[in-house]
Structures are given as structure tokens and as C-alpha cells.
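Trainee: Join the two chains into one complex using the hints; note that each chain is given alone, in its own frame.
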Amino acid sequence: MPKATEPKRTALFISHATPEDNHFVRWLGAKLTAMGYEVWADVMCLHGGTDWAYELETALKTRAFKVLLVCTPGGLEKRGVRNEIEMATNLARQLEDDSFIIPLRLETYDAIFRIAHAQYIDFKRSWAAGLAELTELLRDQGVPRGSTGPLESWLESHSDGSDRLLQRSEPLVSNWLQVEGQPRNIRYIESRVGASLERFQNRLLHDWPVVPFRSGVITFAQPDEAGNLANELPGKEVAALSTAEFLTGGWEELKIAPLEARRMYANLGSQAFDRFCRKRGLTGHLGSGQRVSWFGDIKTTPQGRVKFEWPYRRGSRQVIGQSGKRNVHWHFGVNAQLRTSPIAHFRLSARLVFSENGLDAIEDKKRSHSLRRSFAKGWRNARWRDMLCAYLWWMAEGKASIWMPVGAEAYIQVAVPPMQFGCPVTITEGKEANQADDDDDPDIPDDLPDEEQSEEPDQ
Amino acid sequence: MIHSHRPQIVYIDEPKLEFRYGQQLEYARDGLYLYGPVDAEAFPRQIRYGFIGTKAGLARFERWATQVSSFISTPPPRKGAKEKEPHHVPFPGFSEAFNALWSNKPAKVIDDLDEEDLKRQLHIANRHEAIKSVVDAYVDRLVADKRRDEDPPAFWYVVIPEFIYELGRPQSVVPRAERVEGRVAISQRDAQKLSKQPNLFGFDEEDAQVYKYERNFRRQLKARLLDDHIVTQLVRESTLTPGDFLKSNGDLKRRVEDPATIAWKLCTGSYYKGGGRPWQIASMRPGVCYVGLVYKKQNDTETARYSVCAAQMFLSDGEGVVFRGALGPWFHPDTKQFHLDAEAAARLVGTVLDEYKRRHGGEPTELFIHAKSSFNDDEWAGFQAACAGTSTNVVGIQISDAWDQLKLFRQGSYPVIRGTALVTNNKSGYLFTSGFVPRLGTYMGPDTPNPLHVCIRRGDAPLETVMRDVLALSKINFNTCLFNDRSPVTIRFADAIGDILVAAPLSKEPMLPFKFYI
Chain U
1 MPKATEPKRT ALFISHATPE DNHFVRWLGA KLTAMGYEVW ADVMCLHGGT
51 DWAYELETAL KTRAFKVLLV CTPGGLEKRG VRNEIEMATN LARQLEDDSF
101 IIPLRLETYD AIFRIAHAQY IDFKRSWAAG LAELTELLRD QGVPRGSTGP
151 LESWLESHSD GSDRLLQRSE PLVSNWLQVE GQPRNIRYIE SRVGASLERF
201 QNRLLHDWPV VPFRSGVITF AQPDEAGNLA NELPGKEVAA LSTAEFLTGG
251 WEELKIAPLE ARRMYANLGS QAFDRFCRKR GLTGHLGSGQ RVSWFGDIKT
301 TPQGRVKFEW PYRRGSRQVI GQSGKRNVHW HFGVNAQLRT SPIAHFRLSA
351 RLVFSENGLD AIEDKKRSHS LRRSFAKGWR NARWRDMLCA YLWWMAEGKA
401 SIWMPVGAEA YIQVAVPPMQ FGCPVTITEG KEANQADDDD DPDIPDDLPD
451 EEQSEEPDQ
Chain X
1 MIHSHRPQIV YIDEPKLEFR YGQQLEYARD GLYLYGPVDA EAFPRQIRYG
51 FIGTKAGLAR FERWATQVSS FISTPPPRKG AKEKEPHHVP FPGFSEAFNA
101 LWSNKPAKVI DDLDEEDLKR QLHIANRHEA IKSVVDAYVD RLVADKRRDE
151 DPPAFWYVVI PEFIYELGRP QSVVPRAERV EGRVAISQRD AQKLSKQPNL
201 FGFDEEDAQV YKYERNFRRQ LKARLLDDHI VTQLVRESTL TPGDFLKSNG
251 DLKRRVEDPA TIAWKLCTGS YYKGGGRPWQ IASMRPGVCY VGLVYKKQND
301 TETARYSVCA AQMFLSDGEG VVFRGALGPW FHPDTKQFHL DAEAAARLVG
351 TVLDEYKRRH GGEPTELFIH AKSSFNDDEW AGFQAACAGT STNVVGIQIS
401 DAWDQLKLFR QGSYPVIRGT ALVTNNKSGY LFTSGFVPRL GTYMGPDTPN
451 PLHVCIRRGD APLETVMRDV LALSKINFNT CLFNDRSPVT IRFADAIGDI
501 LVAAPLSKEP MLPFKFYI
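Line order of the protein sequences matches chains U and X.
Throughout the first sequence, residue numbering follows the UniProt record's numbering, covering 1 to 459 in sequence.
Throughout the second sequence, residue numbering follows the UniProt record's numbering, covering 1 to 518 in sequence.
If we strip away everything but chain X, and leave its shape as in the complex, we get (with noise of 0.2 Å):
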């Protein structure tokens, strides 16, 4: 026999959301359709946006801001399905959910794109630079208006064809047939070899840049968009007015979700980029700072050792500030893991607690810090010097999707209860964030529930709080109005924001909230 510890359940409570009067509950969208959002004032807010797109998806974005202005019902209830569907909430309209004003017509609009020019640009043989010259066409309107305009909008709506959704991917195809001769003579290679070796080939350096940017239409725009300090929102054209796209049999092109659920996810982002704060955690403990490390790997550094970190500041309001690290040698290849030195983390940990402090005029009591790998000692050491002669905790948390791992299966035919975890032990356990939620009255995910393991590697902390912090966390992506996510917004947007990072040089380490990058 062997002798261990034999692993504890033990559940968490779903924590609650508060909103207007101070009300909390569960789901989000309870919270709003019942009392509005927590920063509610007896004077709406208003909610300046702007458009930016073809002639035809302003058409249909006015068409849906109309939809969304006033009362949408749940869809009707599928064959074979339960009679009630709670997890399907009724959107009241934009300004009822939000206390806002919202208007059908946007602040401000840009619809002089011309569908047939990104058409063109688009099927340019070179993705990198059919898929910048399209950005650019966005960016170049965009950053112009920002430079006229005294009152911008707080945040554009980028209304996007279907072309650019399918032809704006890394791994799009055009047919050879359909494509386009583009400007740039240099290649990949030559443009990495040109870096080296300026003007080896005697090519133009200008459009060696072009290898420089990603091909993804929207990281690539929101990364160049940065410096300017514009919020985007990208919507496909198909999501908002579906019925508009039909195959020849008459269904849907695309299978989309009802319009009420739309609704409650593009205006709950709509009022948090338009400078809104929809709910935050409930009765959470007062000065705790979380903070979501990041690493990747930029694509045109040399070695296969150098990475952006990224790290995210998230407290319990809602409030999230994204810094970027300096790129450095943070992958280390035997150990498949990314760890800053001693001095890196040090500084970033400063940079946090000092942002915390102009925040809040205090330290904070507790810093958690999230990231997906663990904690080698030097990264640690710097950790701690920062805090060294505060009244900080700091406390470092390793978050993995624990895929296949743990299965837990419930006696009837619902899965696992989101909350339920498995201790193994003081410091470690494996978390379901995603399970059957009876609020819903269903489990929002594919197959079955699969856990996180949480694991307290650095620094001292109940793990039942870190847990219980791990489940609201996942509660709070504005993006979504869901009833949570699977990952903490603090692991869940780190990889959103990396992956923004390095889709474009920047000119600038641009310190900003998260809405720039979700």
C-alpha cells in the first residue's frame, strides 16, 4: 500500500457581482436587466461612438443599434429542449440595461472605405503586405480623426465585410487565381537578412517593414492603434445583421447566436469601452492587486530566447492597466518556461505598487500574481525586493489548464458543479471553473468539464481564498457578459494582450487600460 493524503473536495461558493443600489447577484445579466450597472448615477451616462466601415455595414450597423435600442426576446425554445431555458436572458435595450443614452446613430463616421480598394488590397500575393495595406487604410482614417477631432468618440465601431474577416488571418488563402500584384519586391528572408545588413541588396528598407507586422487584420489594428489612444470594438457585418447573408437554400451563412445574447455582449463591451464599469466583484477584500504575467515571443527577434513580458494589473473593481515589459532573454529552452531576472521583476513589482499607490495612496495589502508557468528563485528574489519594507504579501500562483487530468463525474446527467475542487494538498488543487452552473441551469462548454490546477508556488496565502478569487476573476470579462469564463481575466486577457503586443512595432511601452487591447 501507499501511504498519501487522500485528496478533499471541498466547494466554492459562486462569488457575486454587485450593481446599481448595491445589488448582488450571480449573473451579470440578472444584475443589469434587474437594477443597471454598479457606477450607475441618477444622470445617464452617455455613449459617444463612432463608425467606421463601408457605406453598406453602416446600413446595417445602424439597422442593429436601432434593434438594440429597445426590448429583444429570448429565442424561442429549440425542439427537445427544456421548456425554460434560464441561461437565455431577455436584453431590455441598451439604455434600460445600462442607465445610458444610447443613440442609433453613431457620434461619428468614417464610410468612405471603398469596398472593391480593400477588395483589391486584400488579394495582394503577399499577405503581409495585403493585410497591412488594409490596416492601414483603417489606421490612417482613424488616427487623422483623432488629430482633428477635440471631442473623439470613446470608442469606434470597426464594422468589418466578411472578406476582411475571412481574407485578415494568418492562415487565409487566396485562390492563386484571384491574386493581386503587390508593391513590395522584397522577400521575408531578403527583408530578415536586410536588418543585418542594411542596404545589402541595395532594397528598400521601407518595405522590408512590412514583414514587421503581423497578418491579422485585428491584433495588427489594435496594436498600431496604441500610440494614438484609440478603443476599438471589430464586429463582423454578419454578426449584426445575419439574416443579410443567406446560402442559395435560404439558411444563414453563418450560424450566430440569438440577437438577444449578441446584444447583451457587444453593448456590454460598447458601454465598458465607452468608458462605463458594468459590475465589479462583490464584497472583496479590501487592498488586494492582481497581477497576470505574460510572455511571447516576438517573430522577428533572432533567437528563439527573446520574448515580450507583459503583465497585467487587475483590481477587484474591474479596473485593469496592461504594462510592457521589456523584451529580454525570458525563454529558457530546457525548461520549456519564461522567467524574468531578478532585476526585470523587480522593476516590473515596482512599477505595479507604484501605479497602485497613485491609485489608492497606499500599498496594497495582498499581491497575487497569476501566470501559467511558475516562479524560478531569481524572478522571486526580484519579486520580493520590491515589496522589501512594504506591508506587501506578495504571493505567486501558478494557473494550467489542467485538460484531462481530472475528470470529475456527478451521479445524474449534468456535469460537475462550477466550484467544485479537489484539494491535494495545503497549497494546490484543481479548480472547476467551468461545470454546471444552476443559475443557467446548463454547463456552458463543450464535452466535459475539465479543471485548472492552482497551485500556490511562492509566498503564503489560504488556497481556498486564491480559489475563490480565481472563480470571480473569471467573472469579469466585460467582452462577454457571460456568466464566467474559463480562466481568470488575469490569465484570460494576458494572452489577448500579448498577442497584441507583438503584432506591430511600438514606438512607445504604452501604459494603458485593458479596453485598448480586448
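Okay, chain U solo, but in the shape it has when bound (with noise of 0.2 Å):
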């Protein structure tokens, strides 16, 4: 026992090699820390410099009430513990406690002369084990416990390599393209008596976006001069209300419920937009889900890099491309659904098409579907991000917005880049990536629980 328990010393000082022993220093240290016990060990400091040398010495010196030695052959060998086993000694004679030091039995060492004569705790068989020895020892001996101290070090230090949440705002680009402007009115349009309706509800026949409903169709669009809606195909407008009153109670008149009247506006930006696409020459490929694709191919579309350049968003990213390693070439392609709530936006949904000859799409589903899988498996945030930018930038043809025609002189008209929103956190990243374009971005786990696993919870 010490000759005088002065009351500055009251600390745990944790002998042990670095970084050798630091897994099962943090692993005993938390504990202790918990317990009540004030630690002081080398792994506690993650970017230690000179000072956290000295402040550690400083600690031990001063503050040490027990010291415990972390025993391996090499660890023993370590030229910083055979400083402390020989201050510890030292200290031990100081304050004539025979039991200064507590060797701590990690795995079998040899026994050096210092410490020859101390009774170690076992944690070679289990460390478990050895904590509830030590637990016991530490009681004995009256080592000083008050509340639990402070514990953050002992997570830092296990946790080393974790990225930081800062508490600032950072911009997040959206897949929603935010709808600026639509025709004023939209409008039921008859077939003309006499005229076969089945021709004029197939929407196939139609210059512009049309969606069947009694005797004729709902539509931005207005029959020409010559009463006719589109080629040979004469009608007669019978109503006409706002758009906007239109999506917000339906058409009272036609008996058209609101929800239905939204289901009809989001039916006919579909087809604007797929209309849009075909007219830009991109192909559509129609996808798992009856979702058609629409993507660029060779002849269309650039091969390249495509720069993008917004006021707040600049990059570049090929939106087309070929692997060798697979033999296929890979479009980028996009399907756009008209959303009303909470703002009217177009959604988008990117999917990777793949092809042998850079025109058309492989139809074999099984084959695309594992391309796709692996292919595609690297890519994370940024890529899919520039691809969209730089496919919406080709497609707008550098404009800020792009016009999808509904009628004669009508646009449904929506804004590039996607709409940004302003997001309150962000973390510290390393590095930017600003990579090869077939390379993975950098942060992917390689051990992602497969698909099996996490379908059915045993193992």
C-alpha cells in the first residue's frame, strides 16, 4: 500500500505498446473509465505529438496510483515501455507500494527483471476473465473511484477513421425537374360526328400529348384553323377550363375528380416528355416496371465528355460509353413521370441500357439485368449525379430550361439543372473524387451483406 494516498493521485496509468496492444487497451480503458476509475493511457491520444509525450509522462509521474502493464514479449521489448516500467519502479520505491505495478498477462512473456517479482492478472486465457480479477484487485486495493469520467477519447480512438458531421449547409441536387410554366388551359375536345372515335382516341395518331375520355380527349392542344386536332383527325372543343383549377378540384363539369383530373395532367406529361425525347433522337427502351428508358445512342448522342455548365453546377460526365472488359456499350437513359404534390416537377429515374453495337438495347432482361448489377455496382453519388446534369445539359442544349411541346405553340416548360435544395449538415470528405471515368467511386464497402442475407434475418 502507498505511504500516503496524497490526493492528486488517483490515476489508472495504462502501460502498453502501441499500436500493437491498443485494441485490448480501449477495450479494458472504457470500462474502467465507466466504472469511475480516471485512465491514462497512450492510445487515448489519436494524433499524439511531444506534448501528449509529456503530458503522459507528467501523468504518470504525478497523478499514477497503479500502474497497469500491458504484458507481451514484444511489448516489453518496446523501448517507451521499459521507460515506464523503469519510472514506474522508480515511483514504486517513492511511495513504497510493493503492488505499484500490476502486470497485466496479455500472452506468455518472460519475466524482466523489474517487474520479475510482481503477481500478474491472467487475461491470456480470457479477458473477461482478467477484468473481473482486476475489478476486484482495483477494490482491494482502494483505488480511488469517483464519478465516471469523461469518455470520448476511448470512442474517438475506436472509432478512428470516422468522418466528422459539420454544422453547415451544403446544396443537394435532386432528381425533380421543377415545372416553370404550362399552358394556360387545358381542354376537352370531341370527335367530330361521323368520324371514328376509336382513330381519334389513339393517341398514337396524334401530334400532340392526348388522353382518351368520352367522345373524345382531354388535351392542351386546339384543333387548327381547319377544325382539325391533328392530321385527318377533326374535333371540336366543347370546354375549356384553367389548368391550375383543373389540378386543384377537377372538372366539375365533366365529372372529372380531382385525383383523377391529376392522374390525366401526369398521363400527359408522360407522353410530352417521351415526345420531347424521341424528337431529341434518344431511343426508348422499355424497362422492368413498364417504364420506357430514354437513351442516347452513338449516332445521337456524344461520346465524350459532356460539360455541363450552370451557374451553380459545373462538371462533365459521359452520358454514353463502352466497356472493353464486357464487350457492350452502356447509354445512360431516363424515364420522367409529372408529379403534382408537393410542386409540380417531373420525376426522374436514371437507368443504365446496355447494348452490343451502341444502337439497340439488349432485350435479353436476365443478361442486362446482371450487366447493370455489376457493371454499375461501383457507382455512388457523384457519377450518377454528373450523368443526370450532363444528359439534362445535352438535352436542354445549354439552356436553363427545356420546352416540351403539348400543342401548337403550347410548352409544358421545366427548369435545369434539377431542383437544389439547401441541406443544414455536410461531413469532411478527403478528397474530391476526380476520377477515370470507369472508375469506382471511392467509398464502396467491398463486404455489402448480399441480397439473401438480408431477405432472411438467421444467417
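Check each hint, because a few of them may be wrong.
As the list claims (entries may be wrong) - In silico DSS-like pairs for lysine-lysine, Cα to Cα no more than 27 Å straight-line:
| # | chain 1 | residue 1 | chain 2 | residue 2 |
| --- | --- | --- | --- | --- |
| 1 | U | 299 | U | 236 |
| 2 | U | 377 | U | 366 |
| 3 | X | 357 | X | 508 |
| 4 | U | 255 | X | 253 |
| 5 | X | 16 | X | 55 |
| 6 | X | 247 | X | 79 |
| 7 | X | 336 | U | 325 |
| 8 | U | 255 | U | 325 |
| 9 | U | 377 | X | 84 |
| 10 | U | 377 | X | 253 |
| 11 | X | 79 | U | 325 |
| 12 | X | 297 | X | 336 |
| 13 | U | 377 | X | 79 |
| 14 | X | 55 | U | 124 |
| 15 | U | 325 | X | 82 |
| 16 | X | 372 | X | 297 |
| 17 | X | 297 | U | 377 |
Don't read these hints as lab results, they were simulated from the structure.
Mentor: Written as C-alpha cells, this is what we have:
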């Protein structure tokens, strides 16, 4: 026992080899701290410098009540540990405490001269059993305990390499294109008496988006001077309503409920997008979920990087490319759905389409699925974000909006780039990924749980 | 121009979990490594488990059980990866992580399952018969032991050979040349007819029963052990000792996770199934209760409308109880949604309130009902009726997958941060429960993160509170020890539980903790 329990000597000092025994010391030190002991150990300081070494030495000299010496053959060879043993031995003499040094046997070691007489606590057989024995000893030896001390350093050291959340806002770009403008009115056009209604309601025969309704169509378009809504499709405007009213309250006169009205509007919007893409030379590919993705082929779309430079969004990416390894062409494609809530916007879903010849999509669903899975496995944030922007830049021909015709002189106008939102937090990020096109993003763990494991909770 | 409120982004702080010594941390593996489980007491908990499998399986299991009784380091850094991969946490050893007594020898061993017998049974051409007879082999032994043993183990490790995994699923195909004749002569179609017109064909009714069991080894096994209250932990031999299963070129046949990760997952599950509570949500409001609603169509029902409704009551301390609601015409083909009628809804919430009272001595102050689908007027009237006269505020929340509906891309290379939410109005928004996690230094998912759509359909509660709860409930899957799941436990286990409830005919309507189902 120490001669005089000086009040300031309250700490447990763990002497150990760094980094070899860090895992053990964190496991032990965190618990001792949580139990109310004051603990000092080299591992607590993550970014050690000269100050830390000095602080640690001072702590040993002036604060240590006991020294826990982690014993492994390699550790006891280390100069730092040897120095600490030397200091501790001198202190033990000064304090007249024979059990000032408590060896913790982590592995079998050859006892060195200074500690040869000290009785060790065995952690080799089991850390848990060792801890039980140690806590008993600490209690018996009257090591001072206070309330739980500061624990952050254990977690910090334990989770070394983690990123930090910063309370600083950053812009996030979405996949939503805000609708900036659309025709003031929506119309109900009936087919002329005597003409084929079936033809009139066949949207393939129309020049503009239409939705079949009763004996005509709902559309933004109007019949031309000759009374034709499209070639050889004579029609008569029966009623018109403000688009805004249509979307909020439906069309009472025609008994169209609000929900139905919004569905029709979404339908007109999808048609407008599809027609626009076709006109732009893109190809539609019917994928899973019965959605058409519009992609560019090697004849219509630039094959190199597409540069985009809106005021707040700049960069460059390929939107089509070739994988030599897999011997396929890949094409960035997009499907769009018009939605009214919470604000009118087109929702874009991105898909990769693959082709053998740079033109025609591979129809084999199984093969394109597995290509998608393996080829885009490493693609995360930056890649998809910039492909979307590059695609939209090319589509909008560098302008700030895309105008989709829905009638003669009538457009649905959407803003590009997609809507951005301010996020109140961000993270520290080592370096920007500015890598070659076929590289992976940097942050992909190799060991993602596979699907089958996530489906079935047992292993 | 169209005028409307522009949505806003909010960030919801990562909920913390509570561990031993009252310590609160974000990541379960940190909390267990540094401090231990929340329910730890001075005397370590004894984990008593049994083993059932083949002799070869037992040898493999014991090698693994020995491996997890001491420190397992993180895997070496991969080529091209970051120098430090903070999502990896070494496993300190079972006793070291859980303050528990772990033995590398099972308390009880059943290893008389013969590999050749099982193989032959699994190759029976009639898949229903094949899988049922293999499950029989396990169930018979486990049930017999349960009835014989006065001090049965808390749970059983069911260690399955690879061929059971491969041939024990509905989509498994046995090559024609390898099929063996079975005993059941009646076809599935005839069995269905027989159920309407008994003895029409003179077939054995017992044979026809085989079609009531699902062709899924795992689900059927769990379902058939419910009556006898037997908890299991299924694991493939190749998960325990992947090095035993090599291709001819020396590579692993099956790519599994690193040993420390597997140890975290299986051992956390074992601690939980052994009766422990590894962690709980920290600083939870008192008096909160969650219910996850599940609907599953039963295979052998005659009309498409009939389905089983199951509910899971979930408390913030991680305790969960599963109720099995009765079979009913809950599916509405016109809307493609499931809804209870008012009476069944009231009965269900009534049971939840009773159970809560029994455990806590009073009514919950808040009762959140989580469902994938919306709630209709009848259903809601039933929920409210059950809460009438109590001080319980009942809130109906729809939590649906918003796959592709909203993407948010960050400036840098890392994906959107978990906890980011786009609030569209005071009742709904998109919540990214998966995304970049600063603690892990990565995003543990495929592609770009997709949000959940969280919508307060009925009743009243602050949206941010609802979202914070959803985030917290995504962190208490005791079967994985991951940082988080994408779905809250109310919804996630909903499906798993429903799948098991319909996998075999049940004689009772058991009310059991959810460890029986996962």
C-alpha cells in the first residue's frame, strides 16, 4: 500500500505497446473509465505529438495510483514501455508500494527483472475473466473511484477514421425538374360526329399528348384553323378550364374528380416527355416496371464527356460509353413522371441501358440485369449526379429550361438543372473524387451484405 | 407559374443507443465493444444453447464457437480501399462483448441427423413432401427434447449443410435424374379439391396435408416450432467455416463476410435469443408504444381476398410481442390494399393496450401504428374505439418504400447523409434512413440511397418526432448488429413474421416475443 495517499494520485496508468495492444487497452480502459476510474493510456491520444508524450509522462509521475502494465513478449521489448517500467519502478520505491505495478498477462512473456516479483493478472485465457479479477483487485487496493470520467477519447480512438458531421449547410441536387410553366388552359375536344372515335382516341395518330375521355380527348392542344386536332382527325373544342383549377378541384362540369384530373395531367406530361425525347433523337427502352427509359445511341449522342456549366452546377461526364472488358456499350437513360405534389415537377429515374452495337438495347432481361448489377456496382453519388446533369445539359442544349411541346405554341416548361435544396449539415470529406470515367467511387465497402442475407434474418 | 410550398430539407440527428454503465453511442458495435450490453449485471449471463445438425456440422460449429470466444481482428485493408475502414470493428470475444458466459460446447447436442437420409429426402420429386420431411426430422427431435428436458436450452443453433440451403427453397430445382420417388400420391390440385369434398377420390387425407406447408425450409421450421416455444438460430455450415468449402482452384465457394462481422451478427442474435437485451434506444419518451401491421395472403385460401393480419407490438426497450390477428377478407382488390374492418381493428388495438398495461401497469401515452399501406375509415374508427376512454394518443403512420421517387445528390463523392429528410408538408416527407454514415465513413448499401416515404395518415403527431422514431427503430435489429437497417423494425420484421405465420398451419394463435420469428 502507498505510504500516503496523496489526493492527486488517483489515476490508473496503463502502460502498453502502441499500436499492438491498442484494441485491448480500449476495451479495458473504456470500462474502467465507465466504472469511475481515472485512466491514462497512450491509446487515448489519437494524434499524438510531443505535448502528449510529455503530458503522459507527467501523468505517470504525478497522478498514477497504480500502473497497469500490459505484458506481451513484443510489448516488453519496446523502448517506450521499458522507460515507463523504469519510471514506475522508481515511483513504487518512493511510494513504498510493492504492488504499484500490476502486470496484465495478455500473452505468455518472460518476466523481466523489474517486474519479476509482481503477481500478474491473467488476460490470456480470457479478457472477461481477467477484467473480473482486476476490478476485484482494484477494489481491494482502494483505488479511488469518482463519477464516470470523460469517455469521448475511448470512442474517438476506437472509431478512428470516421468522418465528422459538420453543422454547415450544403446544396443537394435532386432528380426533380420543377415545372415553370404550362398552358393556361386544358381542353376537352370531341371527335366530329361521323368520324371514327377509335381513331380519334388513338394517341399514336396525334401530334400532341392526349388522354381519351368520353367521346373525345383531354388535351392542351387546340384544333387548327381547318378544325383538325391532328392530321385527318377533326375535333371540336367543347370546354376549356384553367389548368390550375383542373389540378386542384378537378373538372366538375365533366365530372372529373381531382384525383382523376391529376392522373390525366401526369399522363399528358409523360407523353410530352416521351415525344420530346423521341424528337431529340433518343431511343425508348421498355424496362422492368413497364417504364420507358430514353437513352442516346452512338449516332445521336456525344461519345466523350459532356460538359455542363449552369451558374451553380458545373462538371462533365459521359452519358454513353463502352466497356471493353464486358464488350458492351452503356447508355445513360431516363424515365420521367409528372407529379403535382408537393409542387409540380418531373421525377426522373435513371437507368443504365446496354447494347452490343451502340444502337439497339440488349433485350435479354436477365443479361441486362446482371450487367447493370456488376457494371454499376461501384457507382454512387458523384457519378449518377453528374451523368444526370450532363444528360440534361445536352437535352436542354445548354439552356436553363426544357420546353416540351403539348400543342401548337403550347409547352410544358421545366427548369434545369434539377431542383436543389439546402441541407443544414455536411461532412468532412478527404478528397474530391475526380477520377477517370471507369473508376469506382472511393467509398464502396466490398463486403456489403448480399441480398439473400438481408431477406432472411438468420445467417 | 404553379404556386405551392417549396419542400424543405431537415436533418434528424442520429439516434443513440444505450449500453452498459448508461453509456450512449450511435453504433451498436462500439457500445458492445467498449461497454457491454444494456442489461448487463454484475454476474455474467449464462448463454445456454443447443445444437442440432449433422456430426460434420457439429465439428464445424465447435470450431466457430471456439473462434468467437476470443478476439477476432478486422480484415486486412482491401486493395485500393481507404487505409482505415471505420465500419469494421474487431470482435472482442463473446464474453468480452456481452459480459456473458459463453461455452464453446453446446449445452445440448442433437447430432444424429444423417446426411445421407436428409439428402435422399430432399431429392423427393414432390417438393412439398421433400421439404416437409426434412423439416420433420428437425422438428421431431427438437420437440421430443423439449418435452423430455426439464431445463432446455434457451435457443438452438440449427446448423444446416449446404444442400439443405440449396434445395430448401421454393425456387430450388432438383435435376430430373436425381429425383427420388416419394410417398405422397395426391397432387396439389386434387388436395385442394379434397379439402372441399372429403374422400372424393379415396386419397389419404393426411397426404393432402403436405400442401399446407410452404416449400421453404427456414420458414416452415420456425412456424412449426411456435407451438412448442422453441427458438432457433439458423446458420449455414459455410458461414461458420467458409474455408471448408473451396472450389477446385482453391477459392472460396461462397463469398462470406469477414469473421469479425459474422461474429458480431451471430453472437448478438445469440445473446438476444439467449434471453439478453443487447441495447435499447436511448432517451426515449416514456409511454411510447409502436405497432407494426402485417398482412399476408395465405396459400390455401379459396378467394384472393382472404389474408392473415399479424401485428407486432414494439417497445423502445427492444421488447417485441407478436399477435396473430384472425384470417379475414382484409385484401381489397379494387385498391390493392389491405384493411381490417372496424371490429377486428378495435380488437387488435385492444389486445395491444391490454398487453402494454400488463407489462407497464398503465396505458401508453402514445401509440403509433406503422403500416406499409394507408388506413381506411373503418379501420381507423376501430383503432379509435379501442382507445376511447383512455389517455392514449393513437397515430396512424404509413411508411412506404420511395424507391426512385426522390434522389438527393451531395456535392462531394459520398452519398446523401442518413437522417436527411425532405419535408413536403407537416404530415409527410421523404426520410433517408439509409445513406452515408459519418461514424462508418461510408454508405453501406447498393447504388444511391433511396428514401422511405413517411406519412402521418391519421391522428396527430409532430412529423420530426415521427421521423426520429423511425430512424431509431431502424437501429434495433438484434439479428444483425448493423449500424442500421433501411426499414424500422416495426416494418422490417413485419414481413418476416408474416412469412412465417403462413408457412405452416397453426393450431393456436400464439402471442410470442419476436425472437421466435427472426
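Trainee: Hint by hint, say whether it matches the structure.
Mentor: Each hint, compared with the structure:
Annotation: proposed proximity of residue 299/U to residue 236/U is violated, straight-line Cα distance about 41 Å (limit 27 Å). Taking the CA atoms of residue 377/U and residue 366/U, the gap is about 16 Å. The hint holds against a cut of 27 Å. Restraint check for residue 357/X and residue 508/X: the C-alpha separation of about 23 Å stays at or below 27 Å, so the hint holds. Simply put, residue 255/U and residue 253/X have alpha-carbon atoms about 63 Å apart, too far for the 27 Å limit, and the pair is violated.
For the hint linking residue 16/X to residue 55/X, the alpha-carbon distance of about 43 Å lies beyond 27 Å, and the restraint is violated. Taken as a hint, the residue 247/X and residue 79/X pair is honoured in the structure, with Cα atoms around 23 Å apart against an allowance of 27 Å. About 44 Å separates the Cα atoms of residue 336/X and residue 325/U, which puts this hinted pair outside 27 Å; it is violated. The straight-line distance between the Cα atoms of residue 255/U and residue 325/U is roughly 58 Å, outside the 27 Å bound, and the hint therefore fails.
The hinted pair formed by residue 377/U and residue 84/X meets the criterion: a straight-line CA distance of about 22 Å does not exceed 27 Å. At most 27 Å may separate the alpha-carbon atoms for a hinted pair to count; residue 377/U and residue 253/X meet this at roughly 21 Å. Annotation: proposed proximity of residue 79/X to residue 325/U holds, straight-line Cα distance about 20 Å (limit 27 Å). Proposed proximity of residue 297/X and residue 336/X is supported: the alpha carbons are some 12 Å apart, at most 27 Å.
Of the supplied pair hints, the one linking residue 377/U and residue 79/X holds, its CA atoms being roughly 17 Å apart against a limit of 27 Å. About 31 Å separates the Cα atoms of residue 55/X and residue 124/U, which puts this hinted pair outside 27 Å; it is violated. Between the alpha carbons of residue 325/U and residue 82/X the distance comes to roughly 25 Å, so the proposed pair stays at or under 27 Å and holds. This hinted pair checks out: residue 372/X and residue 297/X have alpha carbons roughly 15 Å apart, not beyond 27 Å.
Our distance criterion of 27 Å between C-alpha atoms is broken by residue 297/X and residue 377/U, whose separation comes to about 34 Å.
Against the hints set out earlier in the document, violations occur for numbers 1, 4, 5, 7, 8, 14, 17.
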